[in-house]
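Residue numbers (the working numbering), protein chains in the order written: chain A, 1 to 158; chain B, 1 to 158.
Hints listed in this document are in silico derivations from the structure and should not be mistaken for laboratory results. A few of these clues could be false.
One copy or any two copies: either way a pair holds, since identical chains are not told apart in the list.
[Said to hold, decoys possible] Derived pair list, reagent style DSS-like, types lysine-lysine, alpha-carbon separation capped at 30 Å:
1) Lys119 <-> Lys135
2) Lys124 <-> Lys82
3) Lys82 <-> Lys26
4) Lys33 <-> Lys133
5) Lys155 <-> Lys33
6) Lys133 <-> Lys156
7) Lys135 <-> Lys26
8) Lys135 <-> Lys155
9) Lys33 <-> Lys156
There are 2 protein chains.
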Amino acid sequence: MLNIFKSELLSDLILNDQYFMREALKEADEAYKSGEIPIGAVVVCMNRVIARSHNLTELLNDVTAHAEMQVITAAANHLGSKYLTNCTLYVTVEPCVMCAGAIFWSQLERVVYGTSDEKRGCSKTGVMLYHPKTKVIEGVLADECAQRMKSFFLKKRG
Amino acid sequence: MLNIFKSELLSDLILNDQYFMREALKEADEAYKSGEIPIGAVVVCMNRVIARSHNLTELLNDVTAHAEMQVITAAANHLGSKYLTNCTLYVTVEPCVMCAGAIFWSQLERVVYGTSDEKRGCSKTGVMLYHPKTKVIEGVLADECAQRMKSFFLKKRG
Chain A
1 MLNIFKSELL SDLILNDQYF MREALKEADE AYKSGEIPIG AVVVCMNRVI ARSHNLTELL
61 NDVTAHAEMQ VITAAANHLG SKYLTNCTLY VTVEPCVMCA GAIFWSQLER VVYGTSDEKR
121 GCSKTGVMLY HPKTKVIEGV LADECAQRMK SFFLKKRG
Chain B
1 MLNIFKSELL SDLILNDQYF MREALKEADE AYKSGEIPIG AVVVCMNRVI ARSHNLTELL
61 NDVTAHAEMQ VITAAANHLG SKYLTNCTLY VTVEPCVMCA GAIFWSQLER VVYGTSDEKR
121 GCSKTGVMLY HPKTKVIEGV LADECAQRMK SFFLKKRG
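Kindly produce the complete structure, drawing on both the sequences and the hints.
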């Protein structure tokens, strides 16, 4: 009985990619509310969120203030290590060239993104910009991630 | 006579790419002294240095703290504008993929670099990562820029 109970508890505790992408989506929603392009990101280490942020290019008046850049810096700060070799980055939209470059340097173990970026996604360059050891997973909660972007740009044009 | 005098003065005042690369080299020397990979950068607007920095990845424990990233952020802060459309970035070593991506977003008018980076220079990807409007000039004081890097890595290995 105890074993069944334990295994039920464990199944509740399985924190999967969708769970963490929802955390990144919460950040995207924060961005949306403040008039920023709604992209959110979290960095996860040992099943714990160790850094979270969203796009702040307008607030900081800084083109480099993408969600990914900020969580990479914050996660390194949290761990006291430049390298994020045992971490996963969750981001609602495909990283751009700049962020792919930062992901490369950080040696992140995994990158999980929601929707692709047809215009500025780094995969549009046609070359592999990530570190060869970094596993890249796309399409997690893609529709929800894309919906934020669509709403934002529709509202902006309207 | 006055005209000749004026034109002589003007010729003294011509602040060319070599002049500003020497400013970037001063920053590279600061990096060297503090044990950072010796790469320096300045951003110039209307013949004035508006931002200067050097590689700070060790001090800040942050892989994103490249010289270029910092001067782009600082220059935008100085100008109160995200975009650096009338500015030139001088950097002693060829930008990496991350920095090329940041240069793209910043819409810098010109990028002038010293020595190429055979391993991690963005040109090694084989694709154009800069904004098509950004003019890129390479090889300004290349030997002096390369010399700093060689000394640094020789000393590190020794």
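Report task. Since the copies are identical, ignore which copy is meant and state whether Lys155 and Lys33 lie within 30 Å (CA to CA) inside a copy, between copies, both or neither. Result -> Result: close within a single copy only, 12 Å intra versus 51 Å inter.
Query raised in the report: Quick one: Lys133 to Lys156, C-alpha cut-off 30 Å, is that within a copy, between copies, both, or neither?
Result: between (39 Å within a copy, 26 Å between copies)
Report task. Go through the copies and call it for Lys135 and Lys155: within, between, both or neither, with a Cα cutoff of 30 Å. Result -> Close neither inside one copy (35 Å) nor across copies (35 Å); limit 30 Å.
Query - Intra- versus inter-subunit Cα pairing at 30 Å for Lys33 with Lys133 - result: neither (36 Å within a copy, 33 Å between copies)
Query raised in the report: Under a CA distance limit of 30 Å, which applies to Lys135 and Lys26: within one copy, between copies, both, or neither?
Result: Answer is within; shortest intra-copy Cα gap is 24 Å, inter-copy 39 Å.
Requested in this report: Can you give me the call for Lys82 and Lys26, within, between, both or neither, at a CA distance of at most 30 Å?
Outcome: Result: close both inside a copy and across copies, 26 Å intra and 26 Å inter.
**Report entry** Lys124 and Lys82: within-copy, between-copy, both or neither at 30 Å Cα
**Finding:** both (28 Å within a copy, 24 Å between copies)
Query raised in the report: Are the CA atoms of Lys33 and Lys156 at most 30 Å apart within a copy, between copies, both, or neither?
Result: within (13 Å within a copy, 48 Å between copies)
Query raised in the report: For Lys119 vs Lys135, is the C-alpha pair at or below 30 Å within one copy, between two copies, both, or neither?
Result: For Lys119 and Lys135, the Cα distance is within 30 Å both inside one copy (22 Å) and across copies (22 Å).
Checked against the numbered hints given earlier, the structure breaks hints 4 and 8 and satisfies all the rest.
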